[in-house]
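Student: Construct the complete structure from the given sequences, taking the supplied hints into account.
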Amino acid sequence: MRNSNSLFSSLVLVLFFLFSASTWSAPFRVLVVMSYEQDNPWCLEIKQGIDRVLAAHAELTYFYMNTKKNLSQGPEKAKEAKALFDRLNPDGVITVDDNAQSMFVVPYLKDKVDTPIFFCGVNGNAADYGYPNQHISGTLERGHIRESIAFLKQLLPEFDNLCFIAKASPSGDALKKQVEGEKSTYMVSTPHFELVTTTRQLREFTDAHGQQCGAFYMDSLEGIVNERNEPMDNREILDFFRSNYSGPIIGGNRYHVEDGAVSAVVKTGQEQGEIAADMLLQALQGKPVSELPVTRNYKGRRYININSLQSLGIKPRPIVLRGATLVTTTDR
Amino acid sequence: MKSPINLFNRLKIRSKIWLLITLLVSTMVITLVILHGTLSTTRELATEVASVHLNELIDNAANTRRLAVISADINRLTRTYRTEKESLNQQVNRIIENLTTIATGIKDETVRNQLSTYTASFKRFTAHSFAVNAVFEILEQVISSTQAELHSLENLISNRMIESILSGDDTDYYDQLLSLITGYRESLLIIDKKTTELSTHNFETKIDSDDLLQHLDTLYLRLQTISASTPEVAMHGRRLTAYVTHYQNLIMELLQEISWLTEEWRQLAINESTIHTLIEQTERESSLAADDVRSDIKGMIADTGNQMSYLLAGFMTIIMGAMFYLLRQHIESPLNTLVNKLSAMRLEQLNEPINIGRKDEWRMIEKVLNDMNRKLVSSYTQLEESRASFQALVDNVPGTVYRCLNDSDWTMEYLSDGFFDLTGYDTDAVIANNEISYADIIHPDDRDYVVNTVNEAVSNGLPFSIEYRIVRKDREIRWLFERGQMIQDPVSQTAMKLSGVILDVTEKKQLSDALAESERRYRLLLEHTTEGIFGFDSNGITTFINNSASEMLGYTQEEMIGFNNHKLIHHSLPDGTQLTEEECCMRKPIKDGMEYHVEDEVLWCKNGDSIPIEYWSAPIKSSDGIIGAVVSFHDITERKRSEENMQHLAYHDLLTGLPNRSMFVMELKQVIASYRRYGELFALHLMDLDHFKEVNDRLGHPVGDKLLQQVAKRLAETIRATDILARLGGDEFALIQKNVDDLTDASYLAAKITDLFNDEFVIDDNTIYISTSIGIILADEKNIKLEEILSNADVALYKAKEAGRGLFTFFGDEMSLQMYHEIRLSHDLSLALKRGEFFLQYQPQYYATSGKLAGIEALVRWRHPSHGIMLPTDFIHIAEKRGIIKQISDWVMGEACQQAKAWSDRQIEFGRIAINLCAKQVNDGQFQQSVEALLATSGIAPTLLEFEFTETVLMEATESTQKSLHNLSAHGIDFAIDDFGTGFSSLSYLRKFNAEKIKIDREFIRDVCNNRNDSEIVKAAIALGKALKLTVVAEGVETESQAGFLRQNQCDILQGFLLSHPLSADELEKKVFKLENMDESKEST
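These protein sequences, in sequence, are chains A and B. Plus 2 on top of the position in the first sequence (first one is 1) and you've got this note's numbering. Plus 1104 on top of the position in the second sequence (first one is 1) and you've got this note's numbering.
Hints listed in this document are in silico derivations from the structure and should not be mistaken for laboratory results. Here the structure is a predicted model, which means the values were calculated and not measured. Think of the CB as a built atom: it goes at the ideal place given N, C-alpha and C, for glycine as much as any other residue. Watch out, some of these pointers could steer you wrong.
[What the hints assert, rightly or not] Quick list of simulated restraints, FRET-style, between CB atoms:
| no. | chain 1 | residue 1 | chain 2 | residue 2 | range |
| --- | --- | --- | --- | --- | --- |
| 1 | A | L46 | B | A2040 | 53 to 61 Å |
| 2 | B | R1342 | A | L46 | 28 to 36 Å |
| 3 | A | D162 | B | T1300 | 40 to 48 Å |
| 4 | A | L46 | B | S1303 | 53 to 61 Å |
| 5 | B | A2040 | A | Q284 | 46 to 54 Å |
| 6 | B | T1300 | A | Q214 | 20 to 28 Å |
| 7 | B | S1303 | A | P320 | 25 to 33 Å |
| 8 | B | R1342 | A | R31 | 38 to 46 Å |
| 9 | A | R31 | B | A2040 | 53 to 61 Å |
| 10 | A | P320 | B | I1374 | 50 to 58 Å |
| 11 | A | Q214 | B | I1374 | 50 to 58 Å |
| 12 | A | P320 | B | A2040 | 46 to 54 Å |
| 13 | B | T1300 | A | N135 | 38 to 46 Å |
[As the list claims (entries may be wrong)] Partner residues are not named here, just some residues of chain A that face chain B (Cβ under 10 Å, in silico):
| no. | residue |
| --- | --- |
| 14 | P159 |
| 15 | N163 |
| 16 | V268 |
| 17 | T270 |
| 18 | G325 |
Tutor: See the structure below:
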């Protein structure tokens, strides 16, 4: 009896290992197409979220379209991405930010393949891209503007109006639409919303209206070009912006605060990456895409830049710091 | 006809005074009549004031008082309307009712109208108070709801956080949220506190609500940021925002209500103040009317006063005139005459009579004074005679008589004529300190002493006697004796003076000093000698004792002198025998006048110790014969100790301090004598250290000597007090063991001694292992001689050395070797546990019919270092004798439980593990607790245990043991009766102890197929077990025929070599568990 028990146990053990080995040797293949460059802080955040969910289950291949710095090359990059898709024949695809939707998914994949595709970081409306459909769903990106205003008002109670500035891009347009839609719920007035593509435009705008703006909200500004027509990264833009505007600036992402914005209730790429990756994993495990409706990011996190706080002479009440993460301007 | 003036002159002074008094009384009567008239008018006026104006004042005061009470109530209400919400309505009604009552009692229209306004204002105030309370109640509800919402949110976030942690997700977001919520809670607490402060605000100060509103604003803002969260969290955020907004609105409403309330409070205060002003005005008017009346009364009193003053002035003038005439004519004139006469008497013109020349009371005075004058003349005469007698007396007193003032110099007032002979000074030179004071004549060294002595006597009111020196005028120093006392000055009756006699005592003083010096020298001699000396009178009462004696005896001189010295210090001899006073040699010189010398007695000290002394007692003679004796003595303790040391050295070994051969021989002689006389058996152990010479040669004699000292110490600590241990010389020791019963006693002591050498000796960093051989002789022949005993012990010692050293042997006893072996084994057994020489084997038990494993019995084995594996039958009886059976059984139980737990953990099924218990273990008071502790520490399930013990254990079981067994049975432990059939096989025990099994002893199984008796016994035992529903186990099954018999007779379980030998745990796992599987395989096929 004892011997037969041992035999059975051994058999189960062997089968378990065989099964485990087969599982391990055949993970899902997933292609992730990012709109921006590899070292873009937003892309890094999204990647962290995707890796956290899928790294254990899938073989991940990342492709970067670099459209922040070179928008014109976007269609070409989209072709490369399609070639990679064909070569890789992935079990699922994650596409990040609006450019990847407009340049890659809509022209090459939407309704052309059955591969489940999940988007994230999309500022525009899903319907603009014909989402969702039978194989595409994902998560929209929405900035926590109303909350950021309330947060800044805690630090600076006298602040009573907010100007917006973003890059003239699909993301900037989407941001503007969001503000238009919800500004009636803001606790301050929003006299200006400016979309720019160059630092000159940015300076002209701040010269003309900076005095009337109690604070600025900036987002999706990466990629605007300087005097030499070179695309600028977020830190460069913020440095430039602060040299032209001495008031408080709030941003949409954590790296905005780390680069010099005074505060923000930020959206995180990690959250959106995790949501898209989790939806894809469910789809790969057999759940129909139609049962995975389009969603959005929710988890806003409060960040305050201490250096900016000090330079603005703000001395917040200690209670305001509760539930907020304090950062300093990161060195580069 | 006589004129009125003449008539008046003829009256006596007393009659004239009466006449004057009559005049005074008449004047007073007239004055009073006038005063009465005035007071009647005043009373009428005062009555008018009281009846009209004061009534008004009283009414006002009553109303004011009632209003004050109501004002106080209202004031209190303005402070407590928040805290006394329940009774607020009741209080308001009561106050309004009281205000109405007061209003009806007020006649003044203006005041009544103002009171009505005050009442209306109060009603408005209370209406706002109710409103404020209502808002506060809603605020409390909102706070409560907000806190509940926060609580719900916290739960939600905590759950999500736990889920995130479990799924390995990032928890920073939830950390932030939790921190944010903590901040909300904090703000909520502050807001609640600030709101509560509003409820206790003071109307007189402005409400500071800015901080509260700011907190609310901040909280509102912070709540706005939480909407950037998952929908469920955001939903809570929205609810919280709604609560906070509601709260803000309520606070605004509250502030408005409080503002109105404050305004009404001010109005209330103004109205109250107005009422009080009006009442005060009414009071002032009444007061003015009263002032008019008071002014009238004052005028009337002033007029009356003036009239009275004039009248009294007239009367007083007449009376003063009458009194002047009376004094001048009848007192002053005769008094002057009398004074002149008395002045003449002072000039000792006593013989002239006094004549005043009047006929009234002065005539009587004149007569009395003339009588007194006559008596005074007679007294003067007597005084002169007395003074002459006193002078004659003083002149005959030796020395001098004095009287002086009690001042610092003793200023002399009187000195008799002897003063010149005494001091060489004239009395005139010393009286009144004319040339020298008496104090200066006193010797400077004695002056303070004299001053102190005299002052002390004077302050106590006692006479004094004093001796002191003076320096005569010719510088000669003389000793004086003075006796004096304080006297009262006969003239002043207050001043105190000294009076006394002074004598010259110089010669007497010189004589007594010489005597004292002589005494002092003798005393010095007595006190400084080292000999103790004391004296006593004919009754034995100590009269003196010197310091040496006092120190030696520990008694102070006060404790000795005046007491009977024999009873105190010489009552007994050294051995405690009482010594009577008649036999006492110290006392004998008083009887026979001889001197005595004694040196074998002791004196008893105060602390109870005795000191040996040598003493001489001699009589003290005087002219009246022998009046006592004197004893001189000294302590001879050292001398005695020295003698004793010499005695000790003669009979003891210097190195070890043990008795030496001489003393040993003396003791042995005594023991032999005692054996012959009383039959007291004894044993002589002769010991010789093995290889001691090598120690000496290798490590030197000093180490050898120290080794001998340590050996002696260990031996001395081991033996009884009655035994005698001696060192005979070198490394040879001898021990006389008294009161021996038999050989066993001697052998156990010998074993103990050999055990003493198991532990190493450490001397000067050298570790020495050494043993001893012992030859023992037990005296069993009363005629045996001392030399024979010693010789035989020597032979036995030689045998022990021959047998291998470290052993002991008895002279002439062949059994001694066997006994030695048992003792040796016993010794080894005591070390076996420490050395880990025990181990367990396990013998399986099988069901007789199915052949399946039924259980395992744990069996102890001893791996002896020289005898190999030993079975329990070889050593258990020794363990029982040596009292270490319990330790071994405890070890077996612990080890078996650990092994069983290990098998159990590996899910190996073995039934139960049977463990044999000894009687000491089971009957130990802590048996149950130790088993429970073992269960707890090993973790083994009780249902895996079976305890086996023999019927003997059950027979010895106490009630406590029974209870323990029942309790352990309740835990699930089974009990089996081992060796069933060899004991009493009492059925009552089986019933009483809840045994589940009986194990038939192997003795009956061995011949069960051949011996009819055994087979019947086995059958009966099985039948008994069946009848009692017990499982029957047969032990020692070694053949197939035995197994067949047992199966045929339905024995349940078999155990024995036929089925399996006892195995180690590993072997058991390999062989038995494998065997079990094979059996199962067989069955299945």
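Student: Output the indices of the hints that this structure fails to meet, ascending.
Tutor: Result: hints 3, 6, 10, 13 and 15 break, sorted rising.
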